[in-house]
Structures are given as C-alpha cells and as structure tokens.
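There are 2 protein chains.
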Amino acid sequence: MGTEKIIEQLNTLIELSSLINSTLDTKEIRKRAIEAATRLMDAEAGSLLLVDQETGELFFEVALGEKGEKLKEIRLKKGEGIAGWVAEHGEPAIIHDVQSDSRFFKTADEKTAFITKNMICVPVKTKDRILGVLQAINKKHNSFDDDLNIFNALANQVAIAIENANLYQELRETFYSTAQALAETIEKRDPYTGGHTKRVMNYSLAIGRAMGLLKKEIEDLKLAAILHDVGKIGVRDDVLLKGGKLDPDELEKMNMHPKYGAEILNHVKQLRDVIPGVKGHHERLDGKGYPDNLRDGDIPTIARIIAVADTFDAITTDRPYRKALSLDTAFEELRKNIGTQFDREVVDAFIRAYKEMEIVL
Amino acid sequence: MGTEKIIEQLNTLIELSSLINSTLDTKEIRKRAIEAATRLMDAEAGSLLLVDQETGELFFEVALGEKGEKLKEIRLKKGEGIAGWVAEHGEPAIIHDVQSDSRFFKTADEKTAFITKNMICVPVKTKDRILGVLQAINKKHNSFDDDLNIFNALANQVAIAIENANLYQELRETFYSTAQALAETIEKRDPYTGGHTKRVMNYSLAIGRAMGLLKKEIEDLKLAAILHDVGKIGVRDDVLLKGGKLDPDELEKMNMHPKYGAEILNHVKQLRDVIPGVKGHHERLDGKGYPDNLRDGDIPTIARIIAVADTFDAITTDRPYRKALSLDTAFEELRKNIGTQFDREVVDAFIRAYKEMEIVL
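Heads up: the protein sequence lines correspond to chains A and B, in order.
Just so we're aligned: 28 in my numbering is position 28 of the first sequence, and the numbers increase by one with no gaps anywhere.
Just so we're aligned: 52 in my numbering is position 52 of the second sequence, and the numbers increase by one with no gaps anywhere.
A couple of the hints might just be wrong.
Stated by the list, open to error - Simulated crosslink set (BS3-like; lysine-lysine; CA at most 25 Å straight-line):
no.	chain 1	residue 1	chain 2	residue 2
1	A	K127	B	K31
2	B	K242	A	K188
3	B	K355	A	K125
4	B	K188	A	K259
Calculated from the structure, these hints are not laboratory results.
Computed from a predicted structure; not experimentally measured.
For reference, chain A alone in the conformation it holds in the complex (with noise of 0.2 Å):
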C-alpha cells in the first residue's frame, strides 16, 4: 500500500475513534463501530459481535451495511463459527475465501441473501478480556491483507468506547437500583419490600415510550417515578401505617408527602427536572388535586404520567380495607375520570402500551 493511502487509512481512523468514543450510549457505540468497520476497510458490510458475558455466546446487536438489519438475532454458541473462533482465541483472521472455510456458520448469509465472499475478522479485547468480535466483510477493491494493523486498532478504540459505556452504564444501574431499595423501603417503612415503586416506574416507562418521549424526559420520569413516594417518611405511623380509612385530618397529614418528597430532593440540584414529578403526582386537571391545585397543561407531563400510573396500581393491589380489583376495573376507572383527574392522551398511551404487551401485569 502507499504511503499516501496509509496516511489517508489513519486520518480515517482518527477520525472515526473520535466518532465512536463521543458517546456512553452503548447502542449508539455498536452503530457508529459497524459503520467504521465498512467505511475504513471499504467493505460491503460491517458487524460488531458482542460476548454474552454470561453464556459466552456471540450475539449480533445490530449489523448496518446493505442488508445488515436482518442480522439482528443470530447469536453464535461459544467457538462457533469464524467470528466464534476469533472470539474464543483471541485472535484476528482474514479469510479469503469464506465459503471454503470449514468455520464459517452459514446461517447469517442463508437468512439474509447476502453472500459472504472473504472477511477480516479481530478480537475486540481490554487488558483482561474480550469484548465481542469486529467484522468487515467482501473488500470492495483488492483484499484484506494490508489492513491488520489499522483494523485493530480500530477495534482497539471501540473496546475503549463500550468498556466507557458500560462502566457508566453500571454507574447508572447502581444508582437506579439503591433509590428504588431506599425508596420502596420509606413507602413501605419496613424492610421488607412490597414492589409498589418498581410497578409504578414500569407503569410510567411504558406510558412515556408510548408517548414518544425524549431520552432526557425518559430518564426524569423514570426517576421521578422511583422517588414519587419518599415524602412519606414526613408521615408518622400512626396515619401511614393505620389499617383502614383515613379520616380528615390523618388524610390531610397523608397528603403532605408529594410536599414533603420535592423538599427532601430538593437539596439536590441535579433532580431539578426530577422534582416537578413527584411534587405533581398527586395534582388533577380540573385543579382539585394537592399540593398546589394546578390544572391542566400547568401540570407537568410527567406528574400526570406518574398519577395515572400510581393510580393503577392502587387499584390493581390489595390495600388494607379491600382486596385488589381487577384490571377491567383499573382501566374503566381509569377512563372514567379523563379530564377531571387524568389526562386523555395518557391514560391512551397507558392503554396502548398495554395491549402492545409492552407492559406485564
């Protein structure tokens, strides 16, 4: 190869390792990786295989190139297959002719029409282990020989940018993980917990992806959704624990909590957008809800979200004077009160999701 076309070779890759680590999202990482794969080895196609870490299998999560959307399922048992192979020992292969490869795991090609001719194939690797697998396949002009080195250290940056991702990834889940165990205990206040918050963070999710909101949006109801209850810890046992019907003045003392909830997270300013959800979960349109009798569209989006969520589960549990009614009943009840409690496109889009199966009840 001449000096010029491995000058342009690196700028690519340069290029290409900014794209790649510009993002902690691991879908987008995957995406980004498989067009670089295509672009720098000028290939028809591109697949990044990841390692199940717990099966040790191979899986495709999203193959781009010409009919690559198509790859999405397959998975490759441990060593099977040449991606297998190089996953299994760690090193790279360039095959020739891939059809005479006793290796080579037909099935991709036969789902798909695409005829694999040769392949460059390398172990996508951290100090201690290996990631997944990155592919080009069927070099548009002369073959893979020359590109060893520049491939891996294309794979080289994508193992850093999915091992950034998934420690932040992790981060997240820890986080998400300790405030749900947090608060399902204050709501419960026992250690023993009854899964009210994961239930209604399910609810609202569902609700949201149907709504079509925003990652940013998803991300605040989800948390907003998990923390929705932890003004109860302002309530005392006798009203929060008290087996029946609240009377006025314990109801008054209950209905504190979504007051309570935005003054305790109130003291951390990274949950600004977090807090209008769980001071709002408990407002109604037509102004008669608390703590501060909002209407309508001053109601923000994910407050109304969290209402009808919560509601859906009250109704659909045991509580301490009745037994759990069925969920005709929620969604009747659900129907019923649009535009006085709840807002139409909501309990839609809760209704929605739940016919698509996107929610388990």
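Since the structure of chain A is already known, use the hints to place chain B on it.
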C-alpha cells in the same frame, strides 16, 4: 515534513488517544494529555489549562514536563496570556518568539525559572463550549509550523475524554447526593435534614484517606457511610423519635437498624462490598457489639471506620437528653475505648487527619 514522519506522528497520536480515552478519571486524563502533548510535539514541556466554567478563568490543574510540577497554582483571568487569548477566541496559536509576544503571561516562567521560547497552543473544545487549552512548549527540533493539524486532533481526543469523564462524574454526584438526601431524611424521619449522614461521611473519608485505603475501598466506605443508618426506617416512631433514654426493650428494637439496613441494601447487587460497612457499624472489637457480635479483624475495615466516625458525631452534637460535648471530650472518649470498642489504627488515623486539618469541625 516527510511522509514517513507523518505516518509516525499519526501512529503516535492513535496510541496516545487510546491511552487518554482509557480512563474516566479527570485527573488521570489531564496527566496523560500533558504527557501526550509533550511527546507528540517533541517538546520540552506541555500543559493543559482548563476553563473554570463559573469564572471563565483558566487554571493549571497539573503540569508535568521538566519543571511542570511548580505550575499547579497558576490561574489566568479570562483572556489573559496567550492561553487566555486562545480560549477566548477558540482559535489556535503558534508563537515563534514567546518573550516578544505582548500577550505572554510571564508569571509562570518567573515562578519556575523555566524559559518559554516557542509554543503551540490550541483550544480543547466540544461542539458547544471550550473546555480548556492544550499547549506544547519549546520544540526540541525545528518549529511547530507543521504541527497544527495533528495537535488539533490530539486536543479533540482530549476534549472527548474530558467530556466523558465529566458525564461520569456528574452521574456519580447525582447518585451520592440523592442517596444522601434520602438517607439523611430516613435517619431523622423528617424532611428537614440535620447533617448527621454528611458529617459521618466526611469523618469516614478523612479516616480512610489517612489510613491509605485504595480508591475502590474509599468509594465503598463513602457509600456505606452515607447509608449506614437507612435501617432506621424499620424502627417505629415511638422508639426512633422518643425524646429521652431508651428502655431495654426499646433499645433492642433500635439496635435492629444495622441488620435492617443490610436487608434493604441486599436488593442491590452492586452494593455487595458496601453492605458489610452498614451491617457492622455497631460491632465492637471485644465482641459486645451488634448484630453479629463480631470481634477484632472479623469486623470489616469500613465498619470499624464508620463506628468511630458515628460515635464521634454522636458525642459532639446535641442529643435529646444532653448537650453536645467538646472535641477534647470526644477524642478522649475514642482513645479510652481503643481495644474494647474501637480499633487503634482507626482512632489514630482520625486524630492524625484532624491535626492535619483534613477535617473541618
């Protein structure tokens, strides 16, 4: 510049980019960026100045190279010096004779007896803001004239790495702050916080650092200190909020809280190494603590640390049945109980940290 030289530089850039992007620790990124700038530019020294996003000032956080360590304290006002000019305009600068450049800020040279001759200085920026300025000082051979593209490419990688580290750090702070807000409220069962959790966390961290704990241990300690009292959620109001000394029966209920805390956090698999600190913070070296009557070395280090921090805070703050006692009394109390209740190494570390002003009381 010859093509061989260009290829060598590009390969070096790729190697250094991997290194810079392989960490989410801002300090480590800065150190690696400075080493990379020096090496890639074949210069005598390098530095990375970061923008203080609040004041617009540029500051030298670290500065390696031959005499760089002395630069730690320097701050440039907005627009001051060559670096200030670069940060303000978002444009690079190559200066052949720094001493005759009117923008040159001489303080750094004066403080270090280092003589800046020539310099390449480029902005470190993301799509929407300037994070800092990367410099290389005194080219060893020739001039910086051909280096602009490659140095800009390095600065771009540094920007990506800093941005990722910032996102990770922000998420971590959100996590800690949220856990702290919830834990603090649980401890008092009141939406208005008293600060016990925060103080115990600060004392614990000071002790941990004085004992030379590893980074991972410090992180576990921090979370355990924040969460040490969350089990109090399982103690009823009549005991938790009693305004006087507890009778033996009440004390028994109160003493369930470390066990409850462990039960709550057992739901979070990522907190595996944190839980022993929560569960063991009322154990005593003589085996007379609770809940497991552990002895000496069987008590996890982080639990032994939190025990000291927790007791110290209890002594030095007002209780329902007595006023806060003096620091001298508190330290005396800790010392007196070395070997029976407390670990000598922990108490010594605490006193050392206090004397070295690592703790503000």
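Quick one, are K355(B) and K125(A) close enough, alpha carbons at most 25 Å? 47 Å, violated
If you draw a straight line from the CA of K188(B) to the CA of K259(A), is it 25 Å or shorter? 17 Å, holds
Given the hinted pair K242(B) and K188(A), is their Cα-Cα distance within 25 Å? Given pair K242(B), K188(A) holds - Cα atoms ~21 Å apart, limit 25 Å.
Could you grab the alpha-carbon distance between K127(A) and K31(B) and see if it respects the 25 Å cut-off? Status holds; Cα separation ~21 Å.
Hint compliance for this structure: hint 3 alone is broken.
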